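**Student:** Sequence:
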Amino acid sequence: MATMSILLIDNYDSYTYNLAELIHLVCNAQPIIVRNDEYASWHELRAAHPSIHAVVISPGPGSPYQHADFGLCAAAYSAGLPVLGVCLGHQGLALAFGAKVSRAKTVMHGRISSISHTGEGIFENLPSPIDAVRYHSLVVEEPTLPACLRVTARTFDGIVMGLQHTSLPLHGVQFHPESICSHYGAEIMRNFLKRTDVGRRVGDGVAEASWRSSDVRLPRDGARQPSIHLETH
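In case it helps, the UniProt record's numbering puts the sequence shown at residues 1 to 233.
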């Protein structure tokens, strides 16, 4: 792809490095990385970064119900930009449109699952099922999803693994496409970025081999712990 300006919102998670590397692999541009509490408002963020083509929301500790855990991410879904939410970002997409997020019956920490998908949107032209890493203790309650959000991926036991808005370029995945143990992560990211205005115009590109995740500059204070206990309702 030609030069794209991708905003990556970091929810104080180590997987942010992996996401940054994956974005660069696909579009040959280092993303703009901001912490979820780095700006007081979305307006302030856009004033600092006016030329954003798409937003990727990272995983993170805590709950999408809590502003201290999700911060600026909540405003991204109404900003008029393509958004891909990963893990916590996926849960935030559901919550933004009125669905409920609750504790999972089984906590998944670094486990690989077989995930079936519909072949649409970010899963276009991918085989089904695919293997992907899961690392979460919260899940989207499918019965509470509004008509505007369509389930695009599930585990064999029916846990929602992918969401897509029916008319807006908003997508979410509960699993971690950026993990080295997940299959087709680059293809998923490419499918997402191809749906931006710039991506539709310029097509695919190749990353520079010299770029590494160590090039990403994050604040030095490390990962943050959840502000409160995870949401239970």
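Possibly wrong hints are sitting among the right ones.
DEER-style ranges, computed between Cβ atoms [to be verified]:
1) Cys-181 / Ser-116: 14 to 24 Å
2) Asn-125 / Gly-158: 35 to 45 Å
3) Pro-127 / Asp-37: 18 to 28 Å
4) Arg-150 / His-109: 38 to 48 Å
5) Asp-157 / Asn-125: 41 to 51 Å
6) Ser-114 / Ala-186: 37 to 47 Å
7) Arg-150 / Ala-79: 28 to 38 Å
8) Asn-125 / Glu-38: 18 to 28 Å
9) Ser-128 / Ala-104: 35 to 45 Å
10) Pro-50 / Asp-131: 35 to 45 Å
11) Ser-102 / Ala-68: 34 to 44 Å
12) Ala-47 / Gly-110: 33 to 43 Å
13) Asn-125 / His-43: 19 to 29 Å
14) Ser-114 / Ala-68: 13 to 23 Å
Hints were generated in silico from the structure; no laboratory data involved.
Small disclaimer: the values here were computed from a predicted structure and weren't measured.
Ideal Cβ placement from N, Cα and C applies to all residues, glycine included.
**Student:** Take the hints in turn and mark each one as holding or not.
**Tutor:** Against the structure, the hints come out as follows:
1. Look at Cys-181 against Ser-116: about 18 Å separates their beta carbons, and that is inside 14 to 24 Å.
2. For Asn-125 paired with Gly-158, a C-beta distance near 25 Å fails the hint of 35 to 45 Å.
3. The given range of 18 to 28 Å is broken by Pro-127 and Asp-37, whose C-beta atoms sit roughly 39 Å from each other.
4. Between Arg-150 and His-109, the C-beta spacing of about 28 Å breaks the proposed range 38 to 48 Å.
5. Checked against the hint of 41 to 51 Å, the C-beta distance between Asp-157 and Asn-125 comes to roughly 26 Å, which is inconsistent with it.
6. For the hinted restraint 37 to 47 Å between Ser-114 and Ala-186, the CB-CB distance of approximately 19 Å leaves it violated.
7. In this structure the hint that Arg-150 and Ala-79 lie 28 to 38 Å apart at CB is violated, the actual value being about 21 Å.
8. For Asn-125 and Glu-38, the Cβ-Cβ distance of about 36 Å falls outside the hinted range of 18 to 28 Å, so the restraint is violated.
9. About 22 Å separates the C-beta atoms of Ser-128 and Ala-104, a value inconsistent with the hinted range of 35 to 45 Å.
10. Distance hint check: the CB atoms of Pro-50 and Asp-131 are about 39 Å apart, consistent with the given range 35 to 45 Å.
11. For the hinted restraint 34 to 44 Å between Ser-102 and Ala-68, the CB-CB distance of approximately 19 Å leaves it violated.
12. Remark: the range hint 33 to 43 Å for Ala-47 to Gly-110 is upheld by a beta-carbon distance near 39 Å.
13. Hint check: Asn-125 to His-43, Cβ distance near 37 Å, so the stated range 19 to 29 Å is violated.
14. Checked against the hint of 13 to 23 Å, the C-beta distance between Ser-114 and Ala-68 comes to roughly 35 Å, which is inconsistent with it.
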